[in-house]
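Engineer: Next come the chains, spelled out residue by residue.
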Amino acid sequence: MNPTTEAGGPPPPPTSLAKTHMVLRVNGEDHEVAFRPHKTLLEVLREDMDLTGTKHGCELGECGTCTVLMDGEPKLSCLVLGLESDGVDIETVEGMAGPEGGHPLQHTFAELGAAQCGYCTPGFLLTAKAVLEDDKDPSRETLVEELSGNLCRCTGYLKIYEAIELAAQRMREKGSSDEGGSHV
Amino acid sequence: MMRLPSFRYLAPKDAAETAKILTGEGPDAMIVAGGTDLYPNMKRRHQMPKTLVSLRNVNDLRGVEMNGAVTIGSNETLRGLERNAELKTRLPALWTAVQSISTPILRNMGTIGGNVCLDTRCNYYNQNWEWRRGIDFCMKCDGTVCWVAPSSSVCWAVNSSDTVPVLIAMGAKFTLVSTRGERTIEAIEMFGEDGIDYLTKQKDEVLTRIEIPDQGNATSVYRKVRRRGAFDFPVAAVAARVEMDGDEVKDVNLVLNAVGPKPVVCESTQEFLKGKKLTPEVVEEAAKLAARGAKPLDNTDHLSMWRKKVVSVEVKRALGALR
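Same order as they appear, the protein sequences are chains A and B. The letter at position 119 of the first sequence is residue 162 when you use our numbering, and the numbering goes up by one with no holes. The letter at position 317 of the second sequence is residue 320 when you use our numbering, and the numbering goes up by one with no holes.
No false leads were mixed into what you were given.
Restraint-style ranges between C-beta atoms, simulated for each label pair:
| hint | chain 1 | residue 1 | chain 2 | residue 2 | range |
| --- | --- | --- | --- | --- | --- |
| 1 | A | Asp180 | B | Lys298 | 47 to 53 Å |
| 2 | B | Glu89 | A | Ser220 | 36 to 42 Å |
| 3 | A | Arg183 | B | Arg320 | 22 to 28 Å |
| 4 | B | Pro30 | A | Asp178 | 43 to 49 Å |
| 5 | A | Asp177 | B | Pro216 | 30 to 36 Å |
| 6 | B | Arg93 | A | Asp177 | 21 to 27 Å |
| 7 | A | Val66 | B | Gly29 | 29 to 35 Å |
Hints are computed from structural coordinates only; laboratory data are not their basis. The beta carbon of each residue, even a glycine, is placed where N, CA and C say it ideally should be.
When you get a sec, could you build the whole thing from the sequences and use the hints?
Structural biologist: If you want it as structure tokens, here you go:
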């Protein structure tokens, strides 16, 4: 069916060395990037843009560790081509911190031990951020469902849910005090 | 690290342009929509299309129209359907099937057209190239033997779509477009007899629309068996649609999936149920009959013996829910 059975030979490697030039919008900045056209967004971020915060897991859409936000929606960067990523706002874990420091989720993950080996953490942080954009006070049930695409083999998930709930609470409190402030 | 093979990448603007490109490029071109099925397959060297025809800009195949019938554009994401409150109310069984696919992140990417055309799956096939070389490949890709049934002349890879059994049970129609014209087929006609030729859709055809007729008074249910609550494909799936006349079955559709290369329409069970009351005894008998149509082999998660048993349990539960 496929021409892959050359005796003893590995599967054909990508042959084209020609690079595609493109502007990708990552973490609020336009980046001019040159990459080989068969590369996934994960490979482009890590290898051509040195943004190694996005982790490389199963490569097949089964673990969620490579999750990035594309126009605010969590997507698997191992299953999107770099070529398919133009004209989209891409957010990686490197873009989560603001001028005032880490995102509330990053603080609560550290405080409550929601990261152990840390490999799944960037994916969890970004998925959680997208969940909190949609729902400022998500139920535990919502969290379990929405985060079911991110695997963690260390924490048992409980600490992760608790960290997201604490961050959500702090963000709500800050939101209401900010609103209060603006009326003064 | 598994990298994609190289390919030429084209992103047409509409269905007609897509069909034109497919005709021009010939059988070495493949359509990609969400990429969640094709890209892993390409990384494992199952498919190596010379040209990828992406539907990312094909917006005329997105969206859901609801009149009496429900028409879904093939390029609509699974997440779009999941978030469609009216779809959830009108076709809860289809919504349940969509919502059970893989994970929320994957559903942000995958499309309903992709789930309908999902490549058949097998423990001896869904492995990387080195693993498959270790067993001298299999007949579905690069080899000659079916490792789950070595004397078999056909491939037993499993149709693992969640939406397909529901769509068949609901009497959905698929519209296929090519430069040769447009044709509309019954959902079941889309599927071929074995795991290699699992689709009757020709290589130059694009699946454009899925039309689900007005369900009238009929109610449907979808039941999926899998090991984990997320990620997993079904190892057995049951879709049932029942239209009652008083307390008797007027019309019934019962479809199994993930128990063979082709979705199974349980015709004798349907005949048996017509005109009957869904008493526990009738449901029990129907469940036994339906399980005869399931021929699972040991090429997915869980033992085939157990999967066959669980089919009858799930048919019982499905019919019980519709009683």
